[in-house]
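A.B. asks: Okay, here's what each chain looks like letter by letter:
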Amino acid sequence: MTTALDEPTTTTRDDGSARSLVDTVFRAREISIAGALALLVLGTWISNPRFLDDQGVKDLLLNASILVLLAVGQSVVVVTRNIDLSVGSVVGLSAFACGKFVAGTDHGVLTVLLLGTALGVLCGLVSGTLVSFGRVPALVVTLGMLYIIQGFDYWWAHGEQIGAAEVPQPVLDLGSGSVLGVPYLPLIAFALLAATAYYLRAYRSGRELYAIGSNPEAARLAGVPIRRRVLGAYAFSGAVAGFAGALWLARFGTVVADNAHGWELTVVSAVVVGGVAITGGTGTVWGAALGALLLTTIGSALVVLKVDAFWQGAITGALLLAAISVDRIVTLRMTAALRKRSARHGNGA
Amino acid sequence: MNEPVPETGPRPAPVLALKDVSKSFGAVRALRDVSLQLFPGEAHALAGENGAGKSTLIKTLAGVHRPDSGEVLVDGEPVVFHGPADARDAGIAVIYQEPTLFPDLSIAENIFMGRQPRRSLGRIDRRAVRETTAALMKRLGVELDPDRSARGLSIADQQIVEIAKALSFEARVLIMDEPTAALTGSETARLFSVVRTLRAEGAAVLFISHRLEEIFELCRRVTILRDGRWISSRPLAGLTEDDLVRAMVGRDLGELYPKQGTDVGETALSVRRLTREGVFRDVCFDVRRGEIVALAGLVGAGRSEVAQAVFGVDRADAGEVLVNGRALPGGSPTAAMAAGLALVPEDRRQRGLVMDMSIERNIALTGLGRLGRCGLVRRALERGRAADWAVRLQLKYNRLADPVGVLSGGNQQKVVLAKWLATEPVVLIVDEPTRGIDVGTKAEVHRLLSSLAAEGLAVLMISSDLPEVLGMADRVLVMHEGRLTAEIPRSEATEESVMTAATGRDTKAAA
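Residue numbers (my numbering), protein chains in the order written: chain A, 658 to 1006; chain B, 17 to 527.
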């Protein structure tokens, strides 16, 4: 027994390679998406140079902005091993409510954004409360919220449509204006993305979201206030969706009852393709944003290449399956590799 | 090996104490009027059988459970822990049997989760986190990279991370629940040297282990629990291992383990050089009709994994399994069942039962094909079968239509057994059949296994409960780190011979 004390470090000599393995895998994800994106843009540009002219780039960025925003909000929820399927209808509700509110008035931009965000927070708090305190599975809660909000929206709108002519000019300017040639919307999306990424990395509560998704039981034992954090994640996702609804109004001017119908699934796809594990605990908002950008770009590229719109859905689906398969295979491979490695330790010691 | 504990003059006040604490879960009274005192600079052992209430006691100290009555005292003052964070803030660190880490986060993050040092604007000081972790690792004498993710760490290293966590907030009380269960000899020695250092620095240690010699090696006093009750707290000096066992069990072992003598028939299950890379290797054994063979070993030795591979839940990398002389195709539980294998898994809540489903439906699950026609299940047959088994196993229930979740642990286990016995197996594999079951029901489960064997069933019993292994088995197979290290006939099986093989002590020289 006494001689054994001399060899306390034998089990740990492979740490360097184990870490680099894990790191490489996760960095590889963001790099490969960026690579795929670059290839796609390059290919499309070669076949049709107008894809990347001033207007083309501007359109691409504008189209991606709202999806990127929603992907950022969704990531924060998915990281905690939950999901928010209600975002699509929250965008719809917020856009219509904001439109109804400003129609024929001269309310300022700030008021509209605040109204949209507040509505979103409200929806997020309802979902979040049911998930965290009511302990109802997130899938069911947010699916329910999706239909409730959508139903309410239809009832409220009654087939009504709010046209751009009724929306005050400053609000419309937010959607179409730009600084130094860059439209506002992508700038806003980027600011929110960077701030969220920083928050998730640099703040205790941000790290705790990852902890909850990685091992809820361990999080509980570490004294992480799980329910509060999950509620917070939903409030954030809701806030972002509500905010995005207000931007939707600013961008398109015309709103109906079912704006952003079906977007929730695109958002979740973007997040998963971007490397945020649907089982929680890993992934970054940068990856999710790249995923959103990739999906948007595919859509735009298909239009430019004059491919039938049907293919967009099919390609998104294929990407999603590929992303999940890659995640799964990588996890299995890694577990097996680590298992064999520690087995060698056990026998060699 | 026994280290004299220095006497330290007048005893300081207890840093942490329980006074007449009781705790119930539904109808189960897990703790009844239990008291405990932990002193700085002293290691205290908590001893008791499985199900004696040790885990509940620990979780009460850790702030996970709140006592129904009685008090938790810190430095003599009554406190109420509203959650694990409160206990941690009081300086109490708990290292659970299965370390609870975040696999996706780095070691440094694991250590500081929820209390990372911060710099301006409330931001985490990541450099301080990393450097403090590196310093802790150095202090513990291990080479773990603070930035490495916790995924894939060995159990021993995971425990080191947990201890580093305790060190990082200068815990005054260190509670360890069977920390050595899955460790090798040298890892245990490393752990003990760390614990001794902490103890010398004035930490109070509460130590739980089924290996009695470890208790004597590390601790000065012992508190014994039995069936949730406090039995005694006394100095270990002057006690023998036999004294401890007697106090823990508190009854004649013969009553608990009613093993009947049986006629051993032909070989029913034959396992040949079964290997699953990195988990177990070259496992060979036979189980004959009428025989109860125990598979003993420490947690993590690979016993459950062998059972899973035999049953086809996991695919083996090499080797074969024969039932009645015919080889099973690998990786097919359906084929295993058809050949007459039955597996009662370790975790009945997760794998053995559908908790929300009724008793009768749970029993019927394995034989749905036989209970109906054209894919439709006939309720009358289902109920009839359930009622037969309920009588045979002395199941205590209200109505057969009640959900299984309302039954006690022991009765749930009987339902799982009924479910598998209803398939009329040739070989029954039971994994930890009496874990977490009260003593009375435990004896009933034992009696049942014994009579099944007497009827000609071949039984392979995985158990970490040493008295159970010694009391029930006709032969004891022992595994250590994925290999079979010993086969001991009933007449030669003693606590010592089994534990020696399980800890790999006699094989060490050869390795």
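Treat the hints as calculated values from the structure; they're not laboratory data.
Keep in mind that the hints are not guaranteed to be accurate.
A few chain B positions that, by computed beta-carbon distances, are all more than 10 Å from chain A [to be verified]:
hint : residue
1    : V110
2    : E125
3    : I140
4    : R242
5    : L344
Have a look at the derived ranges for each label pair, beta carbon to beta carbon [to be verified]:
hint : chain 1 : residue 1 : chain 2 : residue 2 : range
6    : B       : R342      : A       : D965      : 55 to 61 Å
7    : B       : G42       : A       : R792      : 17 to 23 Å
8    : B       : V96       : A       : A971      : 57 to 63 Å
9    : B       : V370      : A       : E823      : 38 to 44 Å
10   : B       : V96       : A       : P827      : 40 to 46 Å
11   : A       : L771      : B       : V370      : 56 to 62 Å
12   : A       : A852      : B       : V96       : 37 to 43 Å
13   : A       : P706      : B       : E114      : 43 to 49 Å
14   : A       : A971      : B       : V370      : 52 to 58 Å
15   : A       : V983      : B       : E282      : 29 to 35 Å
16   : A       : R792      : B       : R342      : 36 to 42 Å
Derived contacts from chain B toward chain A, CB cut-off under 8 Å, selection only [unchecked claim]:
hint : residue
17   : R104
18   : A106
19   : G107
20   : T116
Where is the CB? At the ideal position from N, CA and C, for every residue including glycine.
A.B. asks: A separate judgement is required for each hint: does it hold in the structure or not?
C.D. replies: Verification of the supplied hints:
| no. | hint | result |
| --- | --- | --- |
| 1 | V110 | violated, 8 Å |
| 2 | E125 | violated, 6 Å |
| 3 | I140 | violated, 5 Å |
| 4 | R242 | holds, 27 Å |
| 5 | L344 | holds, 23 Å |
| 6 | B:R342 - A:D965: 55 to 61 Å | holds, 56 Å |
| 7 | B:G42 - A:R792: 17 to 23 Å | holds, 18 Å |
| 8 | B:V96 - A:A971: 57 to 63 Å | holds, 59 Å |
| 9 | B:V370 - A:E823: 38 to 44 Å | violated, 57 Å |
| 10 | B:V96 - A:P827: 40 to 46 Å | violated, 56 Å |
| 11 | A:L771 - B:V370: 56 to 62 Å | violated, 49 Å |
| 12 | A:A852 - B:V96: 37 to 43 Å | holds, 39 Å |
| 13 | A:P706 - B:E114: 43 to 49 Å | violated, 60 Å |
| 14 | A:A971 - B:V370: 52 to 58 Å | violated, 38 Å |
| 15 | A:V983 - B:E282: 29 to 35 Å | violated, 50 Å |
| 16 | A:R792 - B:R342: 36 to 42 Å | violated, 48 Å |
| 17 | R104 | holds, 6 Å |
| 18 | A106 | violated, 12 Å |
| 19 | G107 | violated, 13 Å |
| 20 | T116 | holds, 4 Å |
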